[in-house]
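Protein chains: 2
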Amino acid sequence: MKKAVCIVSGGMDSALAMYKAKQEGYEIIALHFDYGQKTEKKEKECFYKLVQNLNIENSLVIDLAFFAKIGGSALTDNSLNVPIDGIQEGVVPITYVPFRNGIFLSIAASLAEKEGAEAIYIGVVEEDSSGYPDCTQKYIQKQEEAINEGTKKETNITIKTPLINLKKEDIVKESKKLGVPLEFTWSCYKNQDRACGVCDSCRLRLKGFEKAGLKDPIEYI
Amino acid sequence: MKKAVCIVSGGMDSALAMYKAKQEGYEIIALHFDYGQKTEKKEKECFYKLVQNLNIENSLVIDLAFFAKIGGSALTDNSLNVPIDGIQEGVVPITYVPFRNGIFLSIAASLAEKEGAEAIYIGVVEEDSSGYPDCTQKYIQKQEEAINEGTKKETNITIKTPLINLKKEDIVKESKKLGVPLEFTWSCYKNQDRACGVCDSCRLRLKGFEKAGLKDPIEYI
Chain A
15 MKKAVCIVSG
25 GMDSALAMYK
35 AKQEGYEIIA
45 LHFDYGQKTE
55 KKEKECFYKL
65 VQNLNIENSL
75 VIDLAFFAKI
85 GGSALTDNSL
95 NVPIDGIQEG
105 VVPITYVPFR
115 NGIFLSIAAS
125 LAEKEGAEAI
135 YIGVVEEDSS
145 GYPDCTQKYI
155 QKQEEAINEG
165 TKKETNITIK
175 TPLINLKKED
185 IVKESKKLGV
195 PLEFTWSCYK
205 NQDRACGVCD
215 SCRLRLKGFE
225 KAGLKDPIEY
235 I
Chain B
15 MKKAVCIVSG
25 GMDSALAMYK
35 AKQEGYEIIA
45 LHFDYGQKTE
55 KKEKECFYKL
65 VQNLNIENSL
75 VIDLAFFAKI
85 GGSALTDNSL
95 NVPIDGIQEG
105 VVPITYVPFR
115 NGIFLSIAAS
125 LAEKEGAEAI
135 YIGVVEEDSS
145 GYPDCTQKYI
155 QKQEEAINEG
165 TKKETNITIK
175 TPLINLKKED
185 IVKESKKLGV
195 PLEFTWSCYK
205 NQDRACGVCD
215 SCRLRLKGFE
225 KAGLKDPIEY
235 I
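Residue numbers (this note's numbering), protein chains in the order written: chain A, 15 to 235; chain B, 15 to 235.
Extracted from the complex, chain A is given alone in its bound form:
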């Protein structure tokens, strides 16, 4: 059976990406990164619930505590506040974690090469996004080339980005269609029991549900 490494944060996008991999017939290796993000407790809970829901045998949580040493992002640095005033067009926000997807995809590639997996799924979204430079089609293309050049000749890995051109409302609709348990996903950037509703990530999520004409099953403050 063909294998795929799925990078799963516990958010809505990566959850749908993993369900897509399942639908496409892959045996899944679910990979979660604990990089000291403020919301890791919630994210990890969601990750395990999703893994359980899909009956995935092979899951791995990788500790990347060094992200806090590098810092520079409101997601990993306690001295920086998560912005709540809405997304500004054309500006990379302070929640950007320097080259995070480069690190994630390189580790996923290492695991994929070791396990003989032929695909990596990642839930990046270019359209309705926060404007992170490591979430674009152009970047993913170059990253895939680097991975295939820098691994063994017999290793051939495709980076699958089934959400890259979707709008948030499509992600909500598609998740419903595929039976993704959206109550087990967490998008908020803040470390609280209930989602804040005003950080960039909550705003994008709520807009998606609204436009899809559906109610978000998670609790908000």
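Among the hints, a few may not be true.
Which copy is meant is left open, because identical chains are indistinguishable; a pair holds if it fits in one copy or across any two.
Heads up, simulated DSS-like pairs for lysine-lysine below, C-alpha to C-alpha not over 27 Å straight-line [stated by the list, open to error]: (1) K204 <-> K63; (2) K187 <-> K221; (3) K167 <-> K83; (4) K16 <-> K83; (5) K204 <-> K128; (6) K58 <-> K83; (7) K181 <-> K167.
Everything labelled a hint here was simulated from the structure, so no lab data went into it.
Use these hints to put chain B onto chain A, whose structure you have.
Quick look at chain B alone, frame taken from chain A:
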């Protein structure tokens, strides 16, 4: 002052790469990875001695214990023996760590972006090497493109590989010329007090000293 992140294992090649960065006028951020390699104790000792020798203020050791979870290499997996029968042409050896340089360079890029560094130095050698796919000019080129595409517009990073076309004898000679304290470098793949002299890495090193007509200052069994 222009800054460079230097990836320094504690081996001869990366030590020379860092001394080259110094010679080229960079303020150095020295970066060492502890990835659970069998020889980490020796390597870290050498790393700190080199950092001290160059009076570098900014050094960082990053823990990547997850490499052991991924496994698949004789450098990180205790159930696999380090080969001692010499390098086989055209075969990627069991000491290859899947996409190690991809992970290292991505983390270095993250740090470089955060710190505003314009270069990353890495001591990869294509010529006189063990045949690792993540040590070639072609791979480095693609990795640099991926990094610059996946980071902010104002981030421009060059990956510098001053050793890539050198033979081991040139590395020895060049190190002598630049005053690299070769007694503070460790190349052996085995976890012993003295170098084994027969693993691929020792063989390459010893051949380099021999052809350079110099004596290796470290102790061998």
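TODO: Hint by hint, work out which the structure violates, then give me just those numbers in ascending order.
DONE: none
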